[in-house]
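2 protein chains.
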Amino acid sequence: MASGADNVFMQRALQLAEQGKYKTSPNPMVGAVLVKNGKIIGEGYHRRAGAAHAEIVALQQAKENAAGSTLYVTLEPCCHTGRTGPCTDAIIKAGITRVVIPVKDPDKRVNGKGIRVLRKAGITVTTGVLRKEAVQLNESYFGYYKLGRPFIILKVAQTLDGRIATGSGDSRWISSTVSRKEAHILRAQVDGIVVGMETVRKDNPALTVRKVAGINPYRIVLTRSLRFPPKCQLLDNNDDYKTIVATTAPAAERFAKTKRGRNLIYWRLREKQNGILRVSDLVSVADSFGLRSLLVEGGSMVATAFLQAGLVDKIVVFIAPLILGNGIPAVGDLNIRKIEQALALKHIHFSPSGADCMFVGYPDWKR
Amino acid sequence: MASGADNVFMQRALQLAEQGKYKTSPNPMVGAVLVKNGKIIGEGYHRRAGAAHAEIVALQQAKENAAGSTLYVTLEPCCHTGRTGPCTDAIIKAGITRVVIPVKDPDKRVNGKGIRVLRKAGITVTTGVLRKEAVQLNESYFGYYKLGRPFIILKVAQTLDGRIATGSGDSRWISSTVSRKEAHILRAQVDGIVVGMETVRKDNPALTVRKVAGINPYRIVLTRSLRFPPKCQLLDNNDDYKTIVATTAPAAERFAKTKRGRNLIYWRLREKQNGILRVSDLVSVADSFGLRSLLVEGGSMVATAFLQAGLVDKIVVFIAPLILGNGIPAVGDLNIRKIEQALALKHIHFSPSGADCMFVGYPDWKR
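Quick note, the sequences are listed as chains V and Z, same order. Sequential numbering of the first sequence, starting at 0, is according to numbering that gives the first Met the number 0. Sequential numbering of the second sequence, starting at 0, is according to numbering that gives the first Met the number 0.
Read the hints as simulated data drawn from the structure, not as lab findings. Among the hints, erroneous ones may be present.
When chains are identical, the list treats them as one kind, so a pair holds in a single copy or across two.
What the hints assert, rightly or not - Quick list of in silico lysine-lysine cross-link-like pairs, BS3-like style, CA-CA up to 30 Å:
id, residue 1, residue 2
1, Lys345, Lys180
2, Lys107, Lys22
3, Lys201, Lys337
4, Lys20, Lys154
5, Lys154, Lys230
6, Lys345, Lys154
7, Lys201, Lys345
8, Lys345, Lys62
9, Lys210, Lys337
10, Lys230, Lys337
11, Lys230, Lys112
12, Lys201, Lys35
13, Lys256, Lys337
14, Lys256, Lys210
15, Lys337, Lys154
16, Lys365, Lys180
17, Lys180, Lys119
18, Lys20, Lys337
19, Lys180, Lys337
20, Lys92, Lys337
21, Lys62, Lys337
22, Lys241, Lys112
My request is simple: use the sequences and hints to build the entire structure.
Here it is as structure tokens:
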């Protein structure tokens, strides 16, 4: 049974987990706290993929003192050998008597097996403590396993009246510097960013993580035309070889032979009869490529295509205190005729982001 | 000089003033507190136009005890005889020794004269205490005098992506019940509501104050066509004779002769060469008619016309957590080509309103 103290120590473990933010992908953020006689005797968090798991860091800190203590860890301990050995072995060996976790690891290699191994070794395991918070912390990790495909976030920077650019395509800068930093934080949290060619041509974005410390995600351009502009950061600043062109097979073959097309990664998508590329294909290929989360940054056509396909799991809208009138809408035709058919967002929250309002919600596709 | 205690008592006076909300127009809300030896000995607020002023109510409560006390009043006391006698006389007669006010009354009949009369009588007058709060409380009253025309609020109920209806005109209900109540609170604060004929035809609104207690404002339809729908609440439920048709002179003459056109108030507006009616004309007539505040409720064309004319002083947008895609935009063409030319809102704030976000701002026309 969980106690009030369990909540407090799990809260601390969640805090620790957050310190791994932007660095652990494809692993989740995990924090661990070892408690003996009501006192913390060891703490740790997972620093980056390949580094020691949080439990191990905490155990190393506590040393032989760990025997007889309670371990609070924000995710079920692993019981398989990955880049590091199974945590369950280390926990049993250290003489831990109780393990408290919020939630099972959705990774099929663990998913309850870790708990069973611990219980079999005579350790008391308490589950469900701060479950919601733990899932929220790693929402794209949990989303990936639940959905069986990358977790997809749609980001929009718009005026109050829902425009992302003037009719002539001017969009700099709709959102505040604080919001642009928030957008970089979003980038740092995902494995890949998706944009359409109109965004490449109008904004010439670098799509890198600059305003915060973090790893650059893959930069994916969804395009049939391959009409890259003469100056193009995605092609010119590709030293990390993370620019991906998602296009038709013939277009990929053609462009790969050109000087600018070297060193790019090509994803070959099938065409529909009308020649349009399917975002569902892009998502499948991204999944095969090992990406667990995608950030769709626009423009309007790409955002609309993902919404039409029902392939948006989270929406983040930066609403600038501007009125533009006619211009490019954030979202195009979704074939909705009645308000009651509109796409509803749940679990919404909004907060100031510089001069803007940052509005976050989760599409309710089942409604 | 103002002291900390001055702020506390003025805060109380502002609280009292607010109790007159929705009832004092065309007068401002005013509250008053009488303080002697650090203790409140009388309180009052202006209940409705024609009733006693706040100062008088407080004086009546304190009776002869008022002599030697300090009066906190949220607006400069009047020195002219309106429906009630001048407050300055009563204050002097009661033997008040100090008067604290946030701000001068912008009404030309007062506007500093009240302060001079009090000072001439030997009373100490302190000004500027909680000035910002006092002006905010009666923003449309102060706006009316500052602008020399009615204070104009634009209200929009839209989806997150800036749509006020589907392409076929369905708009019920975009906003939550809480937001619809907030909209009635807005109605209760103004002297007139303006809508276009498309709103009358699509929504058939009553434009009355129902979800809160308050006085119905005038209901103004801006229309050239006079194509009222067969069932029309504005014509059918006009027992208070507050429905106004703002149209061309010939159209007014024609419609006034019909059965449905009886009992309506007509405002005759000049036409531009292209036959379009000017919202600036509507605002002039509203001013002459004695309206000090207008609420523009839409639709898109009317909202756009007011924005094009620079005749919006405050914007209140209810943002529902819905994505609609193509549909009727909140705002139409404002002829803006660059983001830096977009209409910026200042002093913005936003807060939850049921499931919605209520976003409030003030257009910065000078930018």
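Evaluation of the provided hints:
With identical chains, the CA atoms of Lys345 and Lys180 are at most 30 Å apart both within one copy (25 Å) and between copies (22 Å). For the identical chains of this complex, Lys107 and Lys22 are intra-copy neighbours only, at 22 Å inside a copy versus 65 Å across copies, given an alpha-carbon limit of 30 Å. In the homo-oligomer, the alpha carbons of Lys201 and Lys337 lie at most 30 Å apart only across protomers (13 Å), although the nearest pairing inside one protomer, at 33 Å, exceeds that limit. Taking identical chains as interchangeable, the C-alpha atoms of Lys20 and Lys154 lie at most 30 Å apart only when both belong to the same chain, with a minimum of 19 Å there against 41 Å between chains.
Taking identical chains as interchangeable, the C-alpha atoms of Lys154 and Lys230 lie at most 30 Å apart only when both belong to the same chain, with a minimum of 25 Å there against 44 Å between chains. For the identical chains of this complex, Lys345 and Lys154 are neighbours both inside a copy (16 Å) and across copies (24 Å), given an alpha-carbon limit of 30 Å. In this assembly of identical chains, Lys201 and Lys345 lie within 30 Å of each other by CA distance solely across copies; the values are 28 Å between and 32 Å within a copy. In this assembly of identical chains, the alpha carbons of Lys345 and Lys62 never lie at most 30 Å apart, being 45 Å within a copy and 58 Å across copies at closest.
In this assembly of identical chains, the alpha carbons of Lys210 and Lys337 lie at most 30 Å apart only when taken from different copies (25 Å versus 41 Å within one copy). For the identical chains of this complex, Lys230 and Lys337 are inter-copy neighbours only, at 22 Å across copies versus 43 Å inside a copy, given an alpha-carbon limit of 30 Å. Taking CA atoms no more than 30 Å apart as the test, Lys230 paired with Lys112 passes in neither setting, with 52 Å inside one copy and 67 Å between copies. When the C-alpha separation of Lys201 and Lys35 is checked against a cutoff of 30 Å, the pair qualifies neither within a copy, at 59 Å, nor between copies, at 68 Å.
In this assembly of identical chains, the alpha carbons of Lys256 and Lys337 never lie at most 30 Å apart, being 49 Å within a copy and 38 Å across copies at closest. Neither within a single protomer nor between protomers do Lys256 and Lys210 lie at most 30 Å apart by alpha-carbon distance, with minima of 34 Å and 68 Å respectively. For a Cα distance limit of 30 Å, the shortest separation of Lys337 from Lys154 qualifies both inside one copy, at 25 Å, and across copies, at 22 Å. Proximity of Lys365 to Lys180 under the C-alpha cut-off of 30 Å is restricted to the inter-copy arrangement: shortest distance 29 Å between copies versus 33 Å within a copy.
With identical chains, the CA atoms of Lys180 and Lys119 are never at most 30 Å apart, being 48 Å at best within one copy and 58 Å at best between copies. Taking the shortest Cα distances, Lys20 and Lys337 never come within 30 Å of each other, neither inside one copy (41 Å) nor across copies (37 Å). Proximity of Lys180 to Lys337 under the C-alpha cut-off of 30 Å is restricted to the inter-copy arrangement: shortest distance 23 Å between copies versus 36 Å within a copy. When the C-alpha separation of Lys92 and Lys337 is checked against a cutoff of 30 Å, the pair qualifies neither within a copy, at 61 Å, nor between copies, at 66 Å.
For the homomeric pair Lys62 and Lys337, neither the shortest alpha-carbon distance inside one copy (63 Å) nor that between copies (63 Å) is at most 30 Å. For a Cα distance limit of 30 Å, the shortest separation of Lys241 from Lys112 qualifies neither inside one copy, at 36 Å, nor across copies, at 73 Å.
When the structure is compared with the earlier hints, violations turn up for hints 8, 11, 12, 13, 14, 17, 18, 20, 21, 22 and for no others.
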